[in-house]
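K.L.:
Take a look at the letters that make up each chain.
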Amino acid sequence: MSEGGAGWVGAPLPLKEDARLVAGRGRFLDDLGRAHLLHAAMLRSPHAHARIVRVNASAAAAMPGVLAVLTGAEAAARSGPIRPLIPTTASVPDHCLAADRVRYVGEPVAAVAATDRATAEDALERIRVEYEPLPAVVDPEAAMRADAPLLYPALGTNVVWHDALTYGDVDGALARADGVLRERFAIQRYASTPLETFGAIAEYDAGTDAYEFWTNDQRPGLTISILAASLGVPQSRVRLHCPDIGGAFGNKRRPAYLLICALLSRAAGRPVKWVEDRIENLTALMHACNGVMEVELAYRADGTLLALSVRDVADEGKNLLTPTQHNLIKLGNIANGYRIPAVRYEAWSVLTNKCPSGANRGIGKPFMCFAIERAMTLLARRLGVDPAELRLRNYVTADQMPYTTPPGAEYDSGDYPATLRKALERFDYAGWRAEQARARAAGRLLGIGIATSVEPAGTNLASYELVTGRRAASGSAEAAMVRVEPDGQVRVSLGDPSSGQGYETVVAQIVADELGVTPTEVTVARGFDSSTTPWLYLSGNYSNKFSVTDVGAVVGAAARVRAKLLRIAAHRLEIDVADLELRDGAAVVRGAPDRRLALAELARTAYADVLGLPPGEDPGLEVHHIHQNPLARPVDADRRVRSQLVFANAAHCCLVEIDPRTGQIALRKYVVVHDCGRELNPLIVEGMVHGSTVHGIGAALLEEFRYDEAGQLLTSTFMDYLKPTAADVPTIEVDRLEHPSPVTPLGAKGVGEGGSIPGPAAVANAVEDALAHLGVVVRSLPITPEQVWRWLRAGSG
Amino acid sequence: MTSGATAPTPAERLRVRFTVNDRPVEHEIEARRSLADFLRDDLALTGTHVGCEHGVCGACTVLVDGRSARSCLLLAVQLDGARVTTIEGLTPAAGLSPLQEAFRTCHAMQCGFCTPGMIVASTELLATTPAPDEAAIRDALAGNLCMCTGYVNIVRAVAQAAARRADAPVRP
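Taken in order, these protein sequences are the chains called A and B.
Numbering of the first sequence is given in the numbering used here, commencing with residue 4 and proceeding in unit increments.
Numbering of the second sequence is given in the numbering used here, commencing with residue 80 and proceeding in unit increments.
Among the clues, some could well be false.
Unchecked claim - Chain A is nowhere near these chain B residues, computed Cβ spacing over 12 Å in every case:
no.	residue
1	Pro87
2	Asp101
3	Val104
4	Glu107
5	Leu153
Said to hold, decoys possible - Label-pair restraints from in silico Cβ distances:
no.	chain 1	residue 1	chain 2	residue 2	range
6	A	Leu35	B	Thr88	26 to 34 Å
7	B	Pro209	A	Ala437	49 to 57 Å
8	B	Gly174	A	Glu144	53 to 61 Å
It is worth saying that the hints were derived from the structure and are not from the lab.
Think of the CB as a built atom: it goes at the ideal place given N, C-alpha and C, for glycine as much as any other residue.
This is chain A alone, in the form it adopts within the complex (with noise of 0.2 Å):
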């Protein structure tokens, strides 16, 4: 921070984008139109797995107000196939739409345009389309069979990574330790199911041969690079906008269904809106990979642990663009806080006949922490410790850091004994323990769960390389652009649109403490533009990433406007520039404060009166910044690399309350302790772990996304896929230590996945606390009322 700092950073500044957004005044996708739009619907899979046999639009085609009609043929014949960000083996050519084959149950197989929805759906039902089913493969441990049903063919296989990465000598641990604790978890597939569901409108400009996109995707740098190959045009040609985005969480990414638009809004001449329904996100969009995991977990007596060996299967659904994302994520956090000297992963990347995975908040994390932190709990249970307890004895500490784990991940700050204690501290466990004996001698099921997780922030890509065996893309980086106007006040855009993390605030308090000048003078660009923002392949509204890259692209662009903005003081004033300072919206002289510039004074020199300029200083003020985080480094020789790059961390204590007739769960009381390091708005922090941490309880007890053997989705709406609503969960209280990250610019840390990392492992945790008198291991989710019934029902028979 600047010495002219005024202290915006750190301050709960209630957000500049609520004021809009409580009266309705957002502008999201679908509050967007253009002269004469269409709109479209997708035909989709009715099977799991079938061959088109074969298509026929010809009566959807000619119905009025029709314009135009795409079929999976016609789409492979007129775009490329999608680039895959993980290009695996598995690098068989996949299209927009379906054009041999179905692959699970609501892939698109064809798309209309016509001049209102309705007429575009009626028409749907006029596209004839004749399937030959082909038996189909939904568990993930089937799919790895040498007999099973192949999603394709030409491969040989549905698994498309299978490895086994060793660090430290397991095998010698695992033979040497006192005790192995072995077990099996599962995991279901889920989501977080933005509010605003995905969508796009194109359209293309015949007479550039360009085409132009508003897309709530959240990752407009990437997906900005597939259209433009996939379309075969210069990425000079593809313009992508984003305008407010309805909440994201890794879901809002499929470049499909942007090419399916683009491709029809050249068909049609016309531009072509496409929202998603709610039955297709939750079909079709993006689940969280499903999976298996078997964990030895290696211990001395005393409860050290000495060598931690998972076996890691990972249910991809048909996902070719980013598979293994999953596992490499978890390889990353694989040894949670914890000192573990030996650690080896072995996983498989599975296709099934199901939804395609992809990014869900915290990828692969919230299981990893879930098999580890089950782990330690029944540890400390076949020991007799306590759980707490047993966590405090195997803890990086802080006189560890920084800590570099086996696979190479680097802990860069913060204090995990201190985060637990104070969690447990807050909770009162001592006095929660007491109430508990005391209410199961009444015949109540009060149960206590802990589960600590580390947070991650910034994926370096190249850890990729693990699986591909080359580097493509690597690093984590992000664009910014501060701008004196030539009127004094501040715009800023940067590479990354919010889609609900308040970034017009927080950037703008950041910029003022660098400016000397209140956040109410620094205008936040709305989402993105790709035509106007600064960005890179890199760019985008993932992984955590905004303390760890764009916050050091909005310091460094700030920092060099500031500097240039005290040259030109100093230049005009005759004064040496360690005598200005920047602060109440003026250059001013230290010590004299009525000898000052305003910042329209210095922009009018910097735009209009440039002869006032020092010599050999060019006009304007505005600067462009990339950040690359200093972590970022290639897989090394052993085949350690930093996969994600800064570290926070957290407590998670619950308590919950079982209906021994019912089996009904209710959550009483929840406190999370968490570091993210310096919070920059802890009104924005504390919000993150709220919702964050719900989302965690939602995956627990609520939310799966479940296939029959045919493979048909049995949870596409709200009615059956159940969400955590205000009545079902408590008050999170939070509380927080403040371990400044040594490593980004401000000393903040990730928040983004927070309690979706520990959440579910914290609540599983209470409810076998609840049970264990019965021999209860909770070994999957989500822990339904009728699984607690049956569970007691065993128990007490």
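Given chain A, put chain B in place with the hints provided.
P.N.:
What follows is chain B alone, placed relative to chain A:
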């Protein structure tokens, strides 16, 4: 086309008159058109958001004759003679209402997509229950999903607005 005693076909247009935010509306509307689509696309009142189109998420909540209703589950032609209030009608010409101000002060939103529905549902609650406790607030908002906030700050905002007794009740 006249429908007489028989039900209209989905694409048949019917003439209806009602008020939206105190302004009279008279339109010929397709029988199948939802109130949400009519408000958003025909009246450009885009503050009413559509999150699920099956009546669960509550983003499209509006007031019909002072009572909350899902505009995605109502057909616009059902509203003949009714009085509809949307988030635009609950927002003063200048500034924010006390309830909206409480939402802003408490940061009771993140992406803001659920917020108009939350404001409408909270307006109904405070009109009928001026001093709700936390359980009553949570119960009243249980029909409105928020994927961002975990509801903590929303509950705080409604409690704060109630405590300040500043929120004008909905007119009968």
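K.L.:
Which hint numbers does the structure go against, in order from smallest to largest?
P.N.:
7
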